[in-house]
Amino acid sequence: MKHSKRRRLDFLFQGVITITSMIGLFLLIAIFAYVFKQGSGLLSWDLLTSDYYATTYDTYYSDQLGDEVFEKPSHLDESVYFSSKWGIGFSTALDNEGKSYMLIAYIDSNSPLRILPDKNNEGEVVEITENQALLKVIFTNYTIIMSSEGPENAANLFDAADGIIDMITTTSGKGIRGSIITTLYLIILTLIIALPIGVLSAIYLREFAPKKSKIVEILRRLIEMLTGVPSIIFGLLGAAVFIPFTSTFTAADGGNLISGALTLAVIVLPVIITSTDEALKVIPDDFRQASLALGATKTQTTFKVVLKSAIPGILSAVLLSVGRIIGESAALIYAIGTAIKDQIILTERSTSLAVHIWSIMAGETPNFELASAISIIILAVVLVLNLIVKFIANKLSYESRTS
Amino acid sequence: MKTENVFQITNLNLHYGTKQALFDIAMEIPKNQVTALIGPSGCGKSTLLRSLNRMNDLIDNCHVDGLVQYENDDIYDKNYDVINLRTRVGMVFQKPNPFPMSIFDNIAYGPRCQGVKDKKTLNEIVKNALVNSALYDEVKDRLKEAATSLSGGQQQRLCIARAIAMSPEVILMDEPTSALDPIATAKIEELIQELKKDYTIVIVTHNMQQAARISDNTAFFLMGELIEYDKTDLIFSQPSKKQTEDYITGRFG
Amino acid sequence: MTKIEFNKDTKFSMKHNKKTDRIMQNILLIPTVLSASFVLMILIFISQRGVAPFLPSEYGNESVNFLRFITGVTWYQPPNSYGIFFIVVNTVFVVALSSLIAVPISVFTALYIAKMTPKPISKFFQTIIELLASVPSIVFGVFGLGVITKVVLWIASIFGLQTAGGISTLATVFVLAMMILPTITLLSITAINSVNLDLEKNSLALGASKMQTYFKVTLVSAKSGIFAGIILGIGRALGEATAVSMVAGNAGSGPSFDLFSTTRTLTSTMLLGLKETTGLDYDIRFSVGMVLILLIILTNLGLNYLKKKVGRFS
Chain A
159 MKHSKRRRLD FLFQGVITIT SMIGLFLLIA IFAYVFKQGS GLLSWDLLTS DYYATTYDTY
219 YSDQLGDEVF EKPSHLDESV YFSSKWGIGF STALDNEGKS YMLIAYIDSN SPLRILPDKN
279 NEGEVVEITE NQALLKVIFT NYTIIMSSEG PENAANLFDA ADGIIDMITT TSGKGIRGSI
339 ITTLYLIILT LIIALPIGVL SAIYLREFAP KKSKIVEILR RLIEMLTGVP SIIFGLLGAA
399 VFIPFTSTFT AADGGNLISG ALTLAVIVLP VIITSTDEAL KVIPDDFRQA SLALGATKTQ
459 TTFKVVLKSA IPGILSAVLL SVGRIIGESA ALIYAIGTAI KDQIILTERS TSLAVHIWSI
519 MAGETPNFEL ASAISIIILA VVLVLNLIVK FIANKLSYES RTS
Chain W
335 MKTENVFQIT NLNLHYGTKQ ALFDIAMEIP KNQVTALIGP SGCGKSTLLR SLNRMNDLID
395 NCHVDGLVQY ENDDIYDKNY DVINLRTRVG MVFQKPNPFP MSIFDNIAYG PRCQGVKDKK
455 TLNEIVKNAL VNSALYDEVK DRLKEAATSL SGGQQQRLCI ARAIAMSPEV ILMDEPTSAL
515 DPIATAKIEE LIQELKKDYT IVIVTHNMQQ AARISDNTAF FLMGELIEYD KTDLIFSQPS
575 KKQTEDYITG RFG
Chain G
3 MTKIEFNKDT KFSMKHNKKT DRIMQNILLI PTVLSASFVL MILIFISQRG VAPFLPSEYG
63 NESVNFLRFI TGVTWYQPPN SYGIFFIVVN TVFVVALSSL IAVPISVFTA LYIAKMTPKP
123 ISKFFQTIIE LLASVPSIVF GVFGLGVITK VVLWIASIFG LQTAGGISTL ATVFVLAMMI
183 LPTITLLSIT AINSVNLDLE KNSLALGASK MQTYFKVTLV SAKSGIFAGI ILGIGRALGE
243 ATAVSMVAGN AGSGPSFDLF STTRTLTSTM LLGLKETTGL DYDIRFSVGM VLILLIILTN
303 LGLNYLKKKV GRFS
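In order, the protein sequence lines correspond to chains A, W and G. Here the first sequence stands for residues 159 to 561, numbered as in the numbering used here. Here the second sequence stands for residues 335 to 587, numbered as in the numbering used here. Here the third sequence stands for residues 3 to 316, numbered as in the numbering used here.
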């Protein structure tokens, strides 16, 4: 009697534990499912390569139109309406907010509309390309196309016209090219700053530091404490120290990429030091002794033998750091700012991908689709990096077990 | 025949912290001979070996008193250049420990650390070292391969070649065959016989047959003390001390 | 036998050798001291900026009354009524609730991964938890705003309660619980794995069931390590900013213990509205940062003291 009760209780506990431990898996799947559902529709090459801010072009066509008749290319489907007189095709598309607009789906490379004079800047020209939106056209025969006009009507009106008094087009915008470039800049700059400092510190602490020295123990403790500092506090450090610092020594005025990279460098420093230290720790003393017994100095031993064996560990540190840089938001909001830019200049503000998400979510109307699309990119990179690090670690522990 | 001594050890006492590991050691190591140090584990034979090229310096709170003279210079003199000593007194360790680099780079490592950059000289040094360590024929076509791809016995001969590449005068060997199989061991022993024509060899070994086979002189240690030191044939045929006899007849150890 | 001679006549010089090592040791000290200095820099410079709002010499009549700052229960910019007391209370409340949710889930998950499942499955689950640990805060924020707030809205509707679109204390608690779950789980796995297997065998040999053994022997022996994981998790939760700011709301007064009303934590106070602000309202965020650092240090000390008491027998 007592036994069967115990068994039932055991079974109940086992069930509860098994179900609870599925929560982690469930959450990860839920996060992925959500961002994919929201963002995958938006994820395209165009999103990665286009500017965030739409540019509007105001042009006209006053030359004599030639006799050339353009053919509609066979790869265009029926939704594209083609003007054979001007060599241009239109279709209907939806923008990031879900509104429909008239898209220039195709423009022939010899079309007279390809290069047009800029109405606002005398002497400048404007290039009309595919994926621009057509906002408004006024022809010389005073017919007008508005963007609400269907593409079929627009193509017909183009075919009927001989000249254009005014044509307004706009690029699509909402792209994340600038934020991708900023993120890459931040990764490179941060690693350039943090990697040598971190690796050399780890070498000092493990190979050169006098043993049992109080001061070294204090240094070690202070570095360890960095690990527990929340990233927003690093952001305050960036705002209080690195922004004034860069403003003094560069053309910067306020938050900039360099102050951001310096802040990130402090954030990834403990990662690099710990990871390098772990790698140095497991290198067998045999190597050091064999090298010293050959008459090599400690410096030669460290940089020629020891460091070489620590390279996989340092590589893991780099990958983990890159993951941290890509994911970091709170610190950068303080250390750089939240202004999305298309032209990336080191001494000015711009956003990394993570802060880009913050910028478009923090406003009155959060853009879930774009935020999710960027989240997919961030998640993919971070997860792949983590899996590589795990792979390296497994391989290393396997090798150290077999040798 | 008068023999020349490379090492002269007088009143050597060595402590690890408060624990004394060597007591009043006095012995000479003759040139171009093989001297074997034997004794049970923890008897101080490896410690003595390591005090000959000052590898004990690497151990914290290791303290040395007494005199160790190498070619009449006190190597524990505070102005004595340890690095230079180690280029002249090479060492081979218990476990084969090639560096994680190519076979060539392993052997060229020592000379490179001494500033030898010339490619031709390095090629010559590497080739000589490999020939002299009887490894050349086995690896001559794969010098660029990782040294870790060699078998255990080959790795240990590579480590000997690495030591030879420095053209040392003495080679210290710390149980060089204890991690190897009998065939690889035989090859190393053969090599030691070959090497003693040019080098003075001091070898620590656990294996008494090995000491009997390859050495000219044998020193027996017990609990940090040098019990007996004599010609190998004498030690093994008619030891003068009871402890030595007990040990070599296998009564303890 | 050919020997190649190097320059070996430097027996007594020790010219290059030892000196290079000593010089290198001194060179390497520079980056090490630099790395160690950042913690001090954080303390010094943030304090410097954080004290400024209270100084009449900096802000004249505008300067903040320190006493009102630490006891205040409102946070409004225009009449300059900055009071951090309720924010600290809200922060502690939110973090405590999220740990209450996360700790049992984490410990059970760790037990499952470390003890109750064959190797390939446990490896798979451990990788899942590690991946969850690497998901950046901003992504949790997007998920929180897009999904968790909807869940909260749904829960509220069951009870017939009102919420500001789901942005609430409860949403913050859920998001934080999700974020600290992997931290506590991973450290608990390590702790459980390091329990001596003999203890378990002894328990089983005494006739205890597997479950009894896990709860009465394994978890009890691992409690010190599990506690270390909880401390780390709570530290994370206190400092977590981005995701929290996205779901916490911007409550102007408190403290509020209503799960369905908006709240305000130290970190959300520091992040929200940062873009449009300058002067006093900007500098006061450094004061909030000081309070956050202080709260984290005190919590750590307190929990570590507790850990020592709890871990007395192990």
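Note that these hints are calculated values from the structure, not bench results. There could be a bad hint or two in this list.
Under the rule of at most 20 angstroms between Cα atoms (straight-line distance), these lysine to aspartate or glutamate pairs were calculated in the EDC-like manner [to be verified]:
| no. | chain 1 | residue 1 | chain 2 | residue 2 |
| --- | --- | --- | --- | --- |
| 1 | G | Lys21 | A | Asp204 |
| 2 | W | Lys531 | W | Glu338 |
| 3 | A | Lys372 | W | Asp394 |
No experiment lies behind these values; they were computed from the predicted model shown.
Verification of the supplied hints:
no., hint, result
1, Lys21/G with Asp204/A, "violated (59 angstroms)"
2, Lys531/W with Glu338/W, "holds (14 angstroms)"
3, Lys372/A with Asp394/W, "holds (16 angstroms)"
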